[in-house]
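**Student:** Here's the letter readout for the chains.
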Amino acid sequence: MSIIKGEKNNFDEEVLKSKEMVLVDFNADWCGPCRMLAPELEKLAEANDSLKIVSVNIDNEGDLATQYNVFSIPCLVLFKDGKEINRSVGFKSSDELEQFVGE
Amino acid sequence: MYDIIIIGAGPAGMTAAIYGRRALKNVLVVEAQTYGGQIINTLDIENFPSEMHISGFDFATKLYEQAKELGTNFVFEKCIAIKNKKNCKEVITSKGSYEGKSVILATGLVNRTLGLEKEKEFIGLGVSYCATCDGALYKNRDVAVVGGGNTALEDALYLSNIAKTVYLIHRRDTFRGDSLEVERLKEKENVKIVYNSVVTNILGNDHLERIELTDSEGATNEIEVSGLFIAIGKVPANDIFKDVVELDKDGYITAKEDCHTSEKGVFVAGDNRQKLLRQLVTATSDGAMAATEAIKYLRNLD
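Taken in sequence, the protein lines are chains A and B. Using the numbering used here, the first residue of the first sequence is number 1, and each one after it goes up by one. Using the numbering used here, the first residue of the second sequence is number 1, and each one after it goes up by one.
Chain B on its own, in the form it takes in the complex:
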């Protein structure tokens, strides 16, 4: 039986582990992929206090080593569900199950998808959710970016320096993102902005070759692209917890700054919590808070 089981080894989860271990609690971290979370895709972090420049990989590795050094147990298994038991919580994973007196949910966010057929199949074969990760592989190719927010604008600008042509596809006739970025994009000769259109089909044999666009009048046309960068935001993946804790209408776990969920002994930390600002520093802050509250909860159990 663990004192604290943390689901997710991103910055929030690993910070919670550090706080838990420093209070000499028995801590297990359950992670589906590898440690680090979203931050490992960030090339250069410039806004974390005391670090002028650090790569996301180095940041995550330092945090992981710190948590390990303090005696945190890690298992790399996918959490499928959590269950309330009489005197504890059960965390069920792809490989087994673990019992903990308290649980911290720190599963972060996942990419929002278009929900099109072949979208999943073509991930890594033309479909991407990260321009800075995969952009370099599209030198002199034609690509499309979907979205209307700052990420889509930044992605289009970044890709315009690598790809031959960049189509920026937006479902409205104006951008809600930064207007300066829009002006910079309009000055780029190889960027074509396609307004009032959505991607309705992803086409190709063994990799992406074409996409179908549908405009607001319902007319369709196909364009040839090797890359489709989907930048329509991120969403929480809290569905597996919805029978145990309360979610808001957007799927975030409802909790205030104290990170208490609607269920006693279950806490939330990081981007999957209802909050105003989702940044590295607020994720780590949540980790500290959730662990501290979990420790308080454990004290009251005894």
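For reference, chain A alone in the conformation it holds in the complex:
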């Protein structure tokens, strides 16, 4: 599944009300580890048709970052039925990402 751009306006629809599990990636353009993570997330997206991935740029969406207590990026938050079920901070390889969403 392709990666969706997450914003304040679509967060409810795309993440909280989603029927599927959603992986939200909080990131920024200036963050080195976030840029390292981006191709790994793309690999994960390609390999998992049923997983929805939403990318949130914290510079544009500061309120979302504050609301979800994002204190370091890259920060990955896994949502199911509108609730946070898992969280990870820092770079992860696509293999580690597979494990993270599979847990």
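One thing to keep in mind: the hints can contain errors.
[Said to hold, decoys possible] Now the stretches of chain A that chain B is said to cover, found in silico as 3 or more residues with beta-carbon under 8 Å: (1) 21-31; (2) 54-64; (3) 72-78; (4) 83-95.
[Claimed, not checked] Using 27 Å as the maximum straight-line C-alpha spacing, the simulated DSSO-like pairs for lysine-lysine come out as follows: (5) B/K85 <-> B/K62; (6) A/K80 <-> A/K5; (7) B/K95 <-> A/K43; (8) B/K139 <-> A/K5.
Source of the hints: derived by calculation from the structure; they are not laboratory data. The beta carbon of each residue, even a glycine, is placed where N, CA and C say it ideally should be.
Position chain B relative to chain A; hints supplied.
**Tutor:** The following block gives chain B in isolation, referenced to the frame of chain A:
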């Protein structure tokens, strides 16, 4: 069997790989996280010869692509130990083991920690070792910086433009860092310098909420902060090599400019070597030296 196994894909390790490959040696790089090392957290590099401005990410990516293009093998596995074998060295990782005729240790430095309970648990949840990486997420929040060196002073100054209040906690009554920076900090209304105090407890439920400070008299008090930036330096993580190579009292691998360790066929490159200046340019310089010496060592084996 590889000719050269390099542990660590930072600037030193990847430069060593380039030199090794240009001499047509069979090279493997073993890296625990991702390529780049510490430099990927640097927003703008301004002191690398020939580059006026380059981001740490772009620098690391260019270096990685160069090493790849030349035919370096990379595996992303954590090195757990190295062992001396009869005719080679064995590198044991989280996923397997590799044999090499020579090894270059280029594992760099890790953040020095306070060693407090919950410190590890709250990394990314209020505890940070990099103000320029995470500072932006503390807009209008109260934060604390721990440390007395230049990094702590720079971090406090940087954060004073983002956070509501910045407490700078220092265990002594004077700073060893730049005095100009100290004066600039004193002029900032939202910076409070707390002298003669150390952080003795990290508190909070699912993220950092408070820290406990203890002063030189032994009195404690708690302050409410959402962020704790720990800037007390970096240390080498050479413990896993200590049975094979000699370390100095601070944990650095003893080696001169030629990058030879106390063990034949094992070389060191970059920040984890005993040296006077730890910079990007000296790390890459070590990479070139260590690879060249490894190549010489291989020649003598034949």
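**Student:** For B/K85 and B/K62, compute the direct alpha-carbon distance and say whether it is at most 27 Å.
**Tutor:** violated, 35 Å
**Student:** In terms of beta carbon proximity below 8 Å, does the segment 54-64 of chain A have 3 or more residues touching chain B?
**Tutor:** It holds: at least three residues are needed, and the segment 54-64 of chain A offers 3 whose Cβ sits within less than 8 Å of chain B.
**Student:** Within 27 Å, alpha carbon to alpha carbon, are A/K80 and A/K5?
**Tutor:** holds, 18 Å
**Student:** At a Cβ distance under 8 Å, does chain B reach at least three residues of the segment 72-78 of chain A?
**Tutor:** Holds: 3 residues of the segment 72-78 of chain A have a Cβ under 8 Å from chain B.
**Student:** Holds or violated: B/K139 with A/K5, Cα cutoff 27 Å?
**Tutor:** holds, 23 Å
**Student:** Counting residues of the segment 21-31 of chain A with a beta carbon closer than 8 Å to any beta carbon of chain B, are there 3 or more?
**Tutor:** Coverage by chain B holds for the segment 21-31 of chain A (3 residues, Cβ < 8 Å).
**Student:** Please check whether the segment 83-95 of chain A has three or more residues whose CB lies within less than 8 Å of a CB on chain B.
**Tutor:** holds (count 4)
**Student:** Would the hint linking B/K95 and A/K43 be met if the CA-CA limit is 27 Å?
**Tutor:** Holds: B/K95 and A/K43 sit about 21 Å apart, inside 27 Å.
The structure does not agree with numbered hint 5 stated previously, though it agrees with all others.
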